[in-house]
Amino acid sequence: LAALQLGRQVHVLALKSGLQSNEHVASSLILMYSKCGLLEHARRSFEDTPKDSPITWNFIIFGYAQHGKGKVALELFHQMTESRVKLDHITFVAVLTACSHMGWVEEGQHILRTMESDYGVPLRMEHYACAIDLFGRAGLLDEAKALIKSMPCEPDAMVWKTLLGACRNCEIGRA
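Heads up: the sequence shown begins at 1197 in this note's numbering, then just goes up one per residue.
Just to be clear, a hint being listed does not mean it is correct.
[Claimed, not checked] The list that follows gives simulated cross-link-like pairs (lysine-lysine, DSBU-like), each with its CA atoms no further than 30 angstroms apart:
(1) K1357 <-> K1265
(2) K1282 <-> K1231
(3) K1247 <-> K1282
(4) K1231 <-> K1345
(5) K1345 <-> K1247
(6) K1247 <-> K1231
(7) K1265 <-> K1231
(8) K1357 <-> K1341
(9) K1345 <-> K1357
(10) K1247 <-> K1267
(11) K1341 <-> K1265
(12) K1265 <-> K1247
[What the hints assert, rightly or not] Simulated DEER-style distance windows between Cβ atoms:
(13) I1251 <-> E1271: 16 to 26 angstroms
(14) C1232 <-> E1350: 35 to 45 angstroms
(15) N1218 <-> M1347: 31 to 41 angstroms
(16) H1306 <-> S1249: 33 to 43 angstroms
(17) Q1275 <-> S1313: 28 to 38 angstroms
Hints in this document: simulated from the structure, not taken from any laboratory.
Using N, Cα and C, we set each Cβ at its ideal position, and we do this for glycine too.
All chains, full assembly: derive it from the sequences and hints.
As structure tokens, this is what we get:
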């Protein structure tokens, strides 16, 4: 609570200084409000910034994704693509997180399949970990294991940790 109060004071200072539209200040405000669950404040901070940088878009999409507002997160993603803002690997981590938290397996699989061909963003380890989380949350552990086996690179600790975290069945955890 004290940190939020201090954050709000910083926000007021940013407004008085005319820095609220600075992408770094705005992204910090979006992150702060999102972490506190104050998505309406995060959205206002987002709306006060120019929409040409992926940084603020990624933060607002993450904010909604992490609070179970996947529909809004995906709407923002589509607005971002329509605005022709350059998508980056973090954008897709945010969108896959939204799909995972909402249980949207088909949507997540579609995004994973098309992110390189449609958006020019190559798959990275973080995207595989998000997909493993997506399958794990949906109870599709066989699909998660199959994805790991099909990866063109060696899975890292994050991927294995994500799979093990999704395992409710000790037999699968040992496999």
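To see whether the hints hold, each was checked on the structure:
no.	hint	verdict
1	K1357 <-> K1265	holds (25 angstroms)
2	K1282 <-> K1231	holds (25 angstroms)
3	K1247 <-> K1282	holds (11 angstroms)
4	K1231 <-> K1345	violated (34 angstroms)
5	K1345 <-> K1247	violated (39 angstroms)
6	K1247 <-> K1231	holds (21 angstroms)
7	K1265 <-> K1231	holds (14 angstroms)
8	K1357 <-> K1341	holds (12 angstroms)
9	K1345 <-> K1357	holds (15 angstroms)
10	K1247 <-> K1267	holds (20 angstroms)
11	K1341 <-> K1265	holds (27 angstroms)
12	K1265 <-> K1247	holds (21 angstroms)
13	I1251 <-> E1271: 16 to 26 angstroms	holds (19 angstroms)
14	C1232 <-> E1350: 35 to 45 angstroms	holds (38 angstroms)
15	N1218 <-> M1347: 31 to 41 angstroms	holds (39 angstroms)
16	H1306 <-> S1249: 33 to 43 angstroms	violated (26 angstroms)
17	Q1275 <-> S1313: 28 to 38 angstroms	violated (21 angstroms)
Hints 4, 5, 16 and 17 from the list above are not met by this structure, while the remaining hints are.
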